[in-house]
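Undergrad: Using the hints, position chains B and C against chain A.
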Amino acid sequence: MNDDRRRFLKQAATVAGVSLGAAYASLAPKTWPLSLRDEDGERGKPRLKSLRLPEGGYAVAASNVLPLLGVARGQNIDAMVKAAVDAIGGISRFIRTGDVVLVKPNVAFERAAPLGATSSPEVVMALVRLCRAAGAREVRVADNPIESAESCFQRSGVRKAAIDSGAELYLPSPGDFHTLETPGATHIGKWPFFWRPFIGVNKVIGVAPVKDHNLCRASMTTKNWYGLLGGRRNQFHQDIHGIISDLALMLKPTFVVLDGTRVLFRSGPTGGSLADVKMGSTLVASTDPLAADAFGWDELLERKGEPLPAYFGKIQERGIGNPAWRSVNVKEMQVG
Amino acid sequence: MNPNFSLPSFPAGLKPNLEPNKDGTPWYARKLRITSIRVVSQVFFFGLFVFLLWVTWMSRLGGYPASLFLEMDPLVSFATALSTHTVYRHLWMGLFILIPTLILGRVFCNWICPYGTLHQFMGWLFNIRNNKSRLDSNRYRALFQTKHVILVIFLVMAAFGSLQIGLLDPICLLVRTFAVAILPAADAGIVEVSTRLGLQKFGLDALVFKPAVHDSRVFGGAWLVGALIMGLVGANLVIPRFFCRVLCPLGAFLGWLSRFSLWRIDRDLTKCTDCNLCLKGCEGAADPQAALRKSECFVCFNCIDDCPEDALAFKLTPPTPAQFLVGKIKDGTATLFGRKVISKIPETVITNPDLPRRRWVFAGFAGLLAFPFVRYSKAVNKRGFDKKAIRPPGSVAEPEFLERCIKCDQCINVCPTNVLQPATFKQAGIEGLWTPVMDFAVGFCQLNCTACSEVCPTGAIQKITVEQKLGLAAYAEKGPIRLGTAFFNQGRCLPWAMETPCVVCEEVCPVTPKAIGTYDETITRWDGVSVTLNRPYMRPELCIGCGICERECPVVDDAAVYVTAIGETRSNDRTLLLKGPKNV
Amino acid sequence: MAAPSAPAPPPALDSREKRVINPRPHAHYRKTYSLTEVRIGGAVLLVLVAIASWVAWRGAHPDPLLYGDPNAVLKIAPGGPVDVREGGQARVPGPGGAAASNPIKPIKAVDRGPLPASLATTGFTEGQASRFEAGNLYEKINGRADFFLSRGFKSMTFVPLTGAGGETVDLELYDLGSPENALSAFSAEKPPEEKATSAAGSSWYRARNALFVARGPFYGRAIGSDESAPVLAQLEAVRAALEAGVASGDRPWAHALFADALGIPPDRVTYQAENAFSFAFGKNVFSALLPDGETEVFVMPLTSAKSAESTAKQFEKAFLDYGDVLDRSGAKWVKDKYLSGYSRAIAAGTMVAGVKGAPKIEEAEALLGKLSKAVSVLPASVAEKAAAPGTRAARGPEKAKGGGYE
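Protein chains in written order, with my numbering: chain A, 327 to 662; chain B, 7 to 590; chain C, 52 to 457.
Mixed in with the good hints, there may be bad ones.
Computed, partial: chain B to chain A, Cβ under 10 Å [stated by the list, open to error]:
id, residue
1, 68
2, 197
3, 201
4, 214
5, 402
6, 450
7, 500
8, 509
9, 536
10, 540
11, 557
12, 559
13, 563
Derived pair list, reagent style DSS-like, types lysine-lysine, alpha-carbon separation capped at 27 Å [claimed, not checked]:
id, chain 1, residue 1, chain 2, residue 2
14, C, 436, C, 388
15, B, 28, B, 334
16, C, 357, C, 386
17, C, 82, C, 205
18, A, 356, A, 336
19, C, 368, C, 411
20, C, 334, C, 421
21, B, 321, B, 277
22, B, 37, C, 411
23, C, 82, B, 350
24, B, 138, B, 277
25, C, 388, C, 334
26, C, 424, A, 630
27, B, 277, C, 424
28, C, 424, B, 321
29, C, 82, B, 346
30, B, 321, B, 334
31, B, 28, B, 321
32, C, 411, C, 357
33, C, 386, C, 246
34, C, 436, C, 383
35, C, 364, C, 411
36, C, 82, B, 28
37, B, 138, C, 82
Simulated from the structure, these hints should not be mistaken for lab results. Model, not experiment: these values are computed from the prediction. Glycine included, each C-beta is placed from N, C-alpha and C at the ideal position.
Looking at chain A on its own, in the form it has when it is part of the complex:
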C-alpha cells in the first residue's frame, strides 16, 4: 500500500515537473532566465556579430617634413627596401619594440615569382627582417588568394620567404572569417573579412606587385586589400572601381611597399609568361597608397599621360590619398 502510494506520488511529480518545465520554457517572457519564448520569430534569427578595424586604421602620426614617397632603384632588394623605407622616415618611425605586424603580400595566383603576378618573395623577406630588426614581437604574413592558398604561397616562394625570415604564415581556413563593418563603404559596409591574422595586430604593411589588370587596368597597393576579404568576391567586378575605393576606406595601413622589381605590364592580373613581365628594378615605400599607385601608373606601368583608372578619383574624393605624386615630397635614389 505504502509502495503503491509512493510510486503514484513519484510518477505524478514527474508528470507535473515535465509539464511545468515545458510550459515555462515556451511561455515565460523572453527576459526571464531560461525562457525560449520567441513570439514574433525575431529571437530565432541568426545575428551577425560584426567587427570593426581601429578608428584611423593602422597609420602612424603624419609628418610634414618627411617625404611621402621613397623610391629606391637598383638590384639589391634588401638595400632597396631599407632605402625606400628610410626615405619616408625609417622603419623606427613605423615599427616599435613589441609591435605585432601584419605584412600583406599579394599572392592571389599560383605563379612562380618571376612571372610577376605575385609580390616578390625577396621583398617580403626583406620587409619582414626589417620589421623584426626594428623590434617587432611578431610579424605575420597573410593573404586569402583566389587559387588554393597553399599552392599559391608555395609556388610564388612567399611561403619559404616568410618562414625563413621568421614570420608567422596565416593561411585562410573556414573559421578565420568574421563580418567586418566599414562605415561609409558603398558596397562592403558589412563583408566577411579574413580576421584571424588581425587579432592583436597593431601595424599593417601592404606589399603589392605592379600589375596590369583586365578590368580596373592596374592592380597595385590599394587593390591589394582585396585579399583580406572572403565571401562572394566575384561580385566585385560589377563595380570594381567602387570596390577599390571601399578597400582604401576599409584599411588604412601603416605604410605600403609597391614592389616594382618586376612589372606585369600586360595580361594581368594573372600573367603567366615572361613576355608579359619587365624588370622594373624599383621599390616604392609610402604612407599614402594612392600616391604610390599613381607613381606606379606613371613610372612603372609607364602609362603616364593616360587617364588614371577611375578608382583613383573615387579614392581621392573620399580624401584618403593624393594621386598627384609629383606634387608631394618624393625622394628618389639609386641603390647599389
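TA: Just chains B and C, lined up with the frame of chain A:
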C-alpha cells in the same frame, strides 16, 4: 595469492603481477603473447594508414608513399594486370602482401588491413555477447561464400576491361570513405574545437587534414559513402567481421592464395576436448574447433589464446591425422601414435575455399553478363557520354580509364581546390561510380598543379609533369592537356544579358594569351546611364578547360560560363576543333 | 593465467560453466606460454620500426621534380603576344591562337658579326646561330630587352654550343654601338661582389658558369650549363675569339679620365643617358661609384662653358633639396639630410664635374680637385665629341601627354 600481501602504492587492480607462469616461462611471456604483438601491428598499420592520408596534401606530400596501402594491395595489382596487361609504377609492391600470404596465410586481414582493424575494434568495443553467444556468432556460415562470388564477378569483368574491384576492395573503400566522408567531418570538428577553445596557438590546427582551405570541403554523395561505412561497421553487431567474412573481395583473393600457405593452425586430436572455446575469438569464422578452413583463417591467433587444453598451434605443413588413426572415434577407442584421441572430429583442415563448382560457374556467367550490361550503358561510350564527366589532367581515355580506376579517390583526397568529386550515377553510370570527375561549381583545376597524377596508384591518371600539363618545353608540339572547353551562356551573363559590367572570367583565365577575350561596347543603359561593357567570348583554341571561369562566375548556381567535357585531349573521340594536336 | 584480483565468481558454477557464462570477456584460457612468441614479437616490432623509418625517409627525400620543374615555365619563350591592350585602348579581339604557336624565327639571314666561323672547342659543336634586332629582341630575352634597347642596342647574335656530354654554352653577343654602352651594360649587370678584370681593351669576369665580356662596342654573355672543365674551357675560347675578332677600339674618354685621374677601373663607370641621379637635367652623365660604395664622382659634358656653369648651378639647387649648405672656404658643399654625404658639382671647361654622397668632406674636396683638374686639361676635340648626343636606338614615339581620370 595472499590478499594481505599488497603494496600500498598500487591500487588493487593495477598491481603488477610479475610472477612466472605455471609452466615456468617468465611473466613477460604471458604479456607479450603473439596476440598482443598482433594488436601492436594492427594499431601501427592503422596509424600509418591515417598518417598517409594526412600527408596526402600539397604541402605535406614530399616523398611520402601516400598511396602505399593501395599500391601493396595485391588485388589491385592483379586486377589491373588482368585489365591492362601491365603492372603500373609502384603496383609491384603487391608482392609485399602476396608473398607473406603464400607462406603464412591471410595475415594481411588481421595484422595489416586497416579496414579489418576497424571492424575488429568496433566489434570489440560494442560487444554485448557472452561467451556462448560469441561461440555461435563465430561459426562458419554458407553466407560467407558470397565474397568468392563477388570476386569472380569482378575479375571476369576486369578481364573484359571494366575494373570494379574498387567498389568493395577494403583499402579502396576505406581510402574513399576517409577522403569523401570522414576527413571533411574531422576537419570541421577540429577547426570548430580549436576556434571555440582558442587552441589554434597550440598547434591543434596542425591536425587538420586539409589545412588552408577557406571553405569546408564538400563532396557529392558523401552521405552515401558515409551511410555505407556506418552500415558496414554496424553489421559487426549482427555478424562479427561481417564485411571481411561476407563481402571482401581482397579477403577472398587472399583466401585463394592461402590454400598454398606453408603454415597453418593445427589441432591436436589428443588434446582437443571439443569444448569450442577456440571459436570465442575466431575472427575469420574458420572453424578451428573442427576442420580448419584455411582460406577463411585470418591468422589472428585468438584460438591459440583461447584453448584451455593447448591443443592448437601454428605449424609448418602439418600432416592430416586421419591417416594415422587407429581404432574408432565413435567407440572412443581411437589412438594416434599411441595416445588416446579425445576429440570426436578427426578432420583438421579444409584447404580450398568453400564454394561448390556450380556456383563458381554461376559467378563466372554473372561476370560475363555484367560487363556488357555496364559497358553498354550510355555514360562511357563515344556518344552520349555525360557532358560533366570531366576527368582530371593526365587521365587516359575513358575506356582505358575504366580499366584502371579503382575508385580509391586518392586524387580527390589530394586535390587542393576540391574540384575533384566522386562521380554519381548520372555522370559515369554504375561503371564509373565514385571515379573522379571535376565539378567546377566547387573548385577548378589549378594551372600548375599535378598532385592527382602523383598519387594515382594505377595510372588512370598518368603521372605527368607541369611541362606536360601546360604543353611546355618538350611537349610544346603536343600542346597543353585540355580537360574540356568553356562555353558562354549569354542569357545569364551579366554584360551580355543584364547591362552590368563583370568579366571575372577574363580576369582569372590563367592561360596566356587569355582564352577569354571581350568585345568592348559602351551602351546607354535602361536608366540612361552610359556604361562600358566588356562582353566576353571564348577562344576555343586556347581554352584548356580548367574551369576557373566557371568557379569564379558570380552567377554561381548555374554559371554563365561553364565547361563541358567536349574538347578534351585525352581522346580523339571527344575533340572539338578540327585543327590542333590530336591525341595520337 | 592467474586471476589475482577478479571478484570471485558465484561458487555454483563449475569451471566449464564459467567459461561459457563469460565472467571476464577479454580473458584468455591458454595454460602455457612460449618464449618463441616473444621472440617473434620482437622481430615483428623490428619490421614495423623498419617500415616506419622507411616511410619517414621517403617522406624526407621527395623527388626534386615532384610538382614538375618550378622553373620550366620560365625557360620557354612563348610566341608573340596577342590580345594585348596597348595603352589602355579598347581591346580588339585578337587573331586567336594563331600567333601563340609561332616558333622563334630570326628575321634575316644570320650575320655573325665579328664572330669567327666557329667558336666551338674540342668536344663542342655549334648550333644554328641567330640574330635579333630591336624589333624582335624581346622574343629572345623576355623582359630584358628594354635594358639593351636603352643602351644603344643595334643587334644581338646568338650562338648555341653543345658539348659531347650534353653540356651547353649559349653566347649572346650584343652590338651596342659604342664602348660606353657596352661598358654600361656590362657594369649594370655585374653583381657588386664580382671582380672584373680589365686588360688589353676588354673588361670581363666569370661568375661560376657564365662569362661576361665588354669589348669595344660589344657586350657578350656566355652562359654554360654547368661549371665542368669543358664548359669553362669553351667559355675561355669564347673570350679569346672575341678578343681576336673585335677591335678593342678607343678607350671611352670618360673611362680613360676616371682611370688616369682617379685610378678607377673601367667596370665601375656607368653611363646614364638621361635622368641621372633622378634629375631631369641630368643627361649624358658618366659616373663612377668608388669602392666605399657611397661616393660617386661624375662628369657631364656640355656644349659650352656657359651651359656648364648653369648646369652646375642646377646640380647645386637639386642637391639642396635634400640637404643643407656647408661653406668650405668659399666652396659651397651640400650635406645630405638623410644620407649625410657631401655633394658638390662645379663647372670645369665645357663640362660639369662633381662628387656625390662622399662621407668625408676632406676626401670629397681632394677628389673634386683632381677630377676638375683632369677635366680641364682634356683636349677640346674630346670634349666636343663627348658633348654630342650618344647613339641611341629608337624607342618609339613619346606617348601623348594627357592627364585627369578616365
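Undergrad: Decide, hint by hint, whether the structure agrees.
TA: These are the hints, each one checked on the structure:
1. 68: 12 Å, violated
2. 197: 5 Å, holds
3. 201: Holds, because the Cβ-Cβ distance from residue 201 of chain B to chain A comes to roughly 4 Å (cut-off 10 Å).
4. 214: Check passed: Cβ of residue 214 of chain B comes within 7 Å of chain A, closer than 10 Å.
5. 402: 25 Å, violated
6. 450: 8 Å, holds
7. 500: 7 Å, holds
8. 509: 6 Å, holds
9. 536: It is violated, given that the least Cβ distance between residue 536 of chain B and chain A is near 13 Å, above 10 Å.
10. 540: 7 Å, holds
11. 557: 9 Å, holds
12. 559: 7 Å, holds
13. 563: 12 Å, violated
14. C:436 - C:388: 37 Å, violated
15. B:28 - B:334: 35 Å, violated
16. C:357 - C:386: 26 Å, holds
17. C:82 - C:205: Outside the cut-off at roughly 97 Å; violated.
18. A:356 - A:336: 31 Å, violated
19. C:368 - C:411: 21 Å, holds
20. C:334 - C:421: 23 Å, holds
21. B:321 - B:277: Holds, at roughly 16 Å.
22. B:37 - C:411: 83 Å, violated
23. C:82 - B:350: 22 Å, holds
24. B:138 - B:277: Given that 27 Å is the threshold and the Cα spacing comes to 21 Å, the pair holds.
25. C:388 - C:334: 25 Å, holds
26. C:424 - A:630: Roughly 42 Å between the alpha carbons, so the hint for residue 424 of chain C and residue 630 of chain A is violated.
27. B:277 - C:424: Since the Cα atoms of residue 277 of chain B and residue 424 of chain C sit roughly 118 Å apart, the hinted pair is violated (cutoff 27 Å).
28. C:424 - B:321: Violated: residue 424 of chain C and residue 321 of chain B sit about 106 Å apart, past 27 Å.
29. C:82 - B:346: 20 Å, holds
30. B:321 - B:334: 26 Å, holds
31. B:28 - B:321: 24 Å, holds
32. C:411 - C:357: 30 Å, violated
33. C:386 - C:246: Violated, because 31 Å separates the two Cα atoms, which is more than 27 Å.
34. C:436 - C:383: 30 Å, violated
35. C:364 - C:411: Holds, at roughly 22 Å.
36. C:82 - B:28: Judged against 27 Å, a Cα distance of about 8 Å means the pair holds.
37. B:138 - C:82: 21 Å, holds
When held up to the earlier numbered hints, the structure conflicts with 1, 5, 9, 13, 14, 15, 17, 18, 22, 26, 27, 28, 32, 33 and 34 and fits the remainder.
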